[in-house]
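Going down the list, the protein sequences come from chains B and G. Numbering of the first sequence is given in the working numbering, commencing with residue 1 and proceeding in unit increments. Numbering of the second sequence is given in the working numbering, commencing with residue 1 and proceeding in unit increments.
Errors might be hidden in some of the hints.
Unchecked claim - BS3-like mimics (lysine-lysine), calculated; alpha carbons at most 27 Å apart, straight line: (1) G:365 x B:146; (2) G:200 x G:234; (3) G:223 x G:72; (4) G:72 x G:14; (5) B:146 x G:50; (6) G:200 x G:50; (7) B:326 x G:234; (8) G:348 x G:365; (9) B:43 x G:200.
Stated by the list, open to error - Per the computed footprint, the stretches of chain B lying under chain G, defined by three or more beta-carbons under 8 Å from a beta-carbon of chain G, are: (10) 164-176; (11) 314-320.
Hints in this document: simulated from the structure, not taken from any laboratory. Virtual Cβ for every residue (Gly too), placed ideally from N, Cα, C.
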Amino acid sequence: MTAAASTLALEIPWGVLLGAKVMIILTLLPLTALILGYVFLMKMMAHMQSRLGPMDPGGFHGWFQLIGDGIKFIQKEDVMPADADRRVFALAPMIILISTFVVYAVIPAGPRLVVEDLEVGIFFALAVSSLSVIGVLMAGWASSNKFALLGALRAAGQLIAYELPLVLAVVGVIMQAGTMSLQGIVGAQANGEIFGWGAVGNPFVLTQAVGFVLFLAAAQAELTQTPFDMPVAESELVAGYQVEYTGFRWLFFQMSEYATAFALAGIAATLFLGGWYVPGVEGTAADVLGPLVLFAKIMAISFVIFWVRFTYPRFREDQLQAMAWKYLIPLSLLNILVTGILKVVF
Amino acid sequence: MAVTEQQQQAFIGKHLAEAQVAVELQDEDMVLNIGPQHPATHGTLRVVVKLDGERVVAADPVIGYMHRGYEKLTEYRSYPQVTTLINRIDWLSSFANEVPFIHAGEQIMGIEAPPRAVYIRTVLTELSRIATFLLFLGEMGAQVGAITPVFYGFRDREYVLNLIEAATGGRFHPNFNRIGGLKDDVPAGWIAETRRMMDKVFESCDTFENLLEGNEIFLARTKGIGIIPGDVGKGYGVSGSNLRASGVDWDLRRDAPYLAYPEVDFKVWTHPGGDSWSRYWVRLQETREAARIVVDLLDRLPSGPVMAKVPRIIKVPPGESWVRVENPLGEMGYYVVSKGATGPFRVKIRSASFSNVSILPWLLKGVYVPDLITILASLYFILGDIDR
Numbered sequence: 001m002t003a004a005a006s007t008l009a010l011e012i013p014w015g016v017l018l019g020a021k022v023m024i025i026l027t028l029l030p031l032t033a034l035i036l037g038y039v040f041l042m043k044m045m046a047h048m049q050s051r052l053g054p055m056d057p058g059g060f061h062g063w064f065q066l067i068g069d070g071i072k073f074i075q076k077e078d079v080m081p082a083d084a085d086r087r088v089f090a091l092a093p094m095i096i097l098i099s100t101f102v103v104y105a106v107i108p109a110g111p112r113l114v115v116e117d118l119e120v121g122i123f124f125a126l127a128v129s130s131l132s133v134i135g136v137l138m139a140g141w142a143s144s145n146k147f148a149l150l151g152a153l154r155a156a157g158q159l160i161a162y163e164l165p166l167v168l169a170v171v172g173v174i175m176q177a178g179t180m181s182l183q184g185i186v187g188a189q190a191n192g193e194i195f196g197w198g199a200v201g202n203p204f205v206l207t208q209a210v211g212f213v214l215f216l217a218a219a220q221a222e223l224t225q226t227p228f229d230m231p232v233a234e235s236e237l238v239a240g241y242q243v244e245y246t247g248f249r250w251l252f253f254q255m256s257e258y259a260t261a262f263a264l265a266g267i268a269a270t271l272f273l274g275g276w277y278v279p280g281v282e283g284t285a286a287d288v289l290g291p292l293v294l295f296a297k298i299m300a301i302s303f304v305i306f307w308v309r310f311t312y313p314r315f316r317e318d319q320l321q322a323m324a325w326k327y328l329i330p331l332s333l334l335n336i337l338v339t340g341i342l343k344v345v346f
Numbered sequence: 001m002a003v004t005e006q007q008q009q010a011f012i013g014k015h016l017a018e019a020q021v022a023v024e025l026q027d028e029d030m031v032l033n034i035g036p037q038h039p040a041t042h043g044t045l046r047v048v049v050k051l052d053g054e055r056v057v058a059a060d061p062v063i064g065y066m067h068r069g070y071e072k073l074t075e076y077r078s079y080p081q082v083t084t085l086i087n088r089i090d091w092l093s094s095f096a097n098e099v100p101f102i103h104a105g106e107q108i109m110g111i112e113a114p115p116r117a118v119y120i121r122t123v124l125t126e127l128s129r130i131a132t133f134l135l136f137l138g139e140m141g142a143q144v145g146a147i148t149p150v151f152y153g154f155r156d157r158e159y160v161l162n163l164i165e166a167a168t169g170g171r172f173h174p175n176f177n178r179i180g181g182l183k184d185d186v187p188a189g190w191i192a193e194t195r196r197m198m199d200k201v202f203e204s205c206d207t208f209e210n211l212l213e214g215n216e217i218f219l220a221r222t223k224g225i226g227i228i229p230g231d232v233g234k235g236y237g238v239s240g241s242n243l244r245a246s247g248v249d250w251d252l253r254r255d256a257p258y259l260a261y262p263e264v265d266f267k268v269w270t271h272p273g274g275d276s277w278s279r280y281w282v283r284l285q286e287t288r289e290a291a292r293i294v295v296d297l298l299d300r301l302p303s304g305p306v307m308a309k310v311p312r313i314i315k316v317p318p319g320e321s322w323v324r325v326e327n328p329l330g331e332m333g334y335y336v337v338s339k340g341a342t343g344p345f346r347v348k349i350r351s352a353s354f355s356n357v358s359i360l361p362w363l364l365k366g367v368y369v370p371d372l373i374t375i376l377a378s379l380y381f382i383l384g385d386i387d388r
């Protein structure tokens, strides 16, 4: 895979390497969306609601259900509203998917298992992940539907409001690690120590607990999951900005929803839970174990995200804004201040 | 006097210009059709709202998409056939619909149902109240955005529907009342089973209390939303739990007793708030109270026949009768006029939801779109009950 590719980088032409990396992400993206969709949306939600969920497709606990759904969506007729802005309408789901796709490129899964370890990795990841709001606005506007427009405007207001606490929550981590590179942050956690005790390193969730909670809350809003799902609020806006989408375009929206959840959980795992690092494992062994450990951490964080989603009712739009501006942003600023003071003192 | 083409053109032109001005002046507002096919209107209610951003400037409920003409249809059917129709007015508590109509017929004929039949009718009415409210308790959660409670609501309602099915043979449309009593006695073992199920109802009421009442987001979404002052509610003809949630202590079961209610000791729950949360709270308490009434009645169920002596072909003598009862959704009344035939001459149905939604234009002014959905959910109407 990429690990092998980067060691042999001298012999493999640049273009082939890039193609291989793109192909890997292209297969990972739907795969992760499928895993999250199946494990949480279908099975966990069903069991929380005293149901079983799909049981028949594929034989074992309905594992084939989502793949079957995907095949169904691809076969569907491509319906476009008569008044739609056709090009924008078609482009919107792509943009949302691409913004997710690029985030995957910077999340490290092992010492060498990363598509591109940028110096400003975390900055890049947060910047491109917020591109999706453009796609949402495009979808809502191009649908020429009032429900879609309302949903898109809600999404724009919400995503912009929650971009701030998301970034500010990360600042504490960056200050503590002293780098913006995601590999660097993993390294800082692996080599860190808490008051001189460094047996398991210093996962920043211990020293940046406030930042972790803020990050998760803001990520929940970024992902437009309940209690922040006003843009798609099905009891109010039917399906918000997705209301006119059918078939594979709608599939793109769904896929990007779960893939983004996976990506943001991946960032959270990397920033706060130590990423791929396993204490005492180095070199090639870490490249094998790392992805598994990272995957487990991502699933744990996703579990929290979806647990909250299936439990809580939805905020109202003004309550959501009030929460961002009155609580989350001041708290994250305070977190930065305290981190700064502690950094100077210790 | 014939209108010249020029006059006609001038007239059209003038109106077009006015319309143009109206459009230009109001371009800040957006008219949004919520319904007739919208997940929040449980059926085919259409609310035309004028929005300024997300704020409702004016709202106008448009009803009639489900009008089935039951008042007229009853005129062409015999009394036993009519119960089949009126089952389908408020389809969530169909048994409770039958009772007032049958009562009206019995009053005109001068027949009294035997005590056992009266008791079983009361029990089944309260069971349908529980079934209706359990669905509401879950549904309300779904309307404010929580996915899970609605499944609990449906699951727990199933216990009660099973009881109704065991007794009457129909889950939804029992058609069990006859003039002079009931079709059958309850089956063996039904009473013990009902007692057992009432424990589950108490349990699920506790579940809902824990799930939603302690939930900050739920409270923030429902408290102070859609306040109906008591006198405004009375003025619009709002009835049932919606009125009691506005602090008006009015329950026909106590204030105009019918069935076996005079013999039961029960509390009429009221809440001074008048907002969506009060309506939710009152219904939750009433679900418990209904389960208590059921247990109480089953303890004292008299023995005897369930059918009075009635002629084989029911012919109701000339006369008229007005019967009103406290249905789960509010006050329901039947005005039955008979001219001595096998069927009624004229039936006027007063259904609760029709009056309950009439307050919407007053209530929905100035709320946000999400609150609109909360208010619709908390008023709890059934479209069949509005349109009949």
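Status of each hint after checking the structure:
1. G:365 x B:146: holds (20 Å)
2. G:200 x G:234: Outside the cut-off at roughly 35 Å; violated.
3. G:223 x G:72: Violated. Residue 223 of chain G to residue 72 of chain G sits at ~42 Å, over the 27 Å cutoff.
4. G:72 x G:14: violated (44 Å)
5. B:146 x G:50: Holds, at about 12 Å.
6. G:200 x G:50: Measuring from Cα to Cα gives roughly 44 Å; hence the hint is violated.
7. B:326 x G:234: violated (40 Å)
8. G:348 x G:365: Not OK: residue 348 of chain G and residue 365 of chain G at ~32 Å, beyond 27 Å, violated.
9. B:43 x G:200: holds (26 Å)
10. 164-176: Three-residue rule not met by the stretch 164-176 of chain B, so violated; n is 0.
11. 314-320: holds (count 6)
Of the numbered hints stated above, those contradicted by the structure are hints 2, 3, 4, 6, 7, 8 and 10, listed in ascending order.
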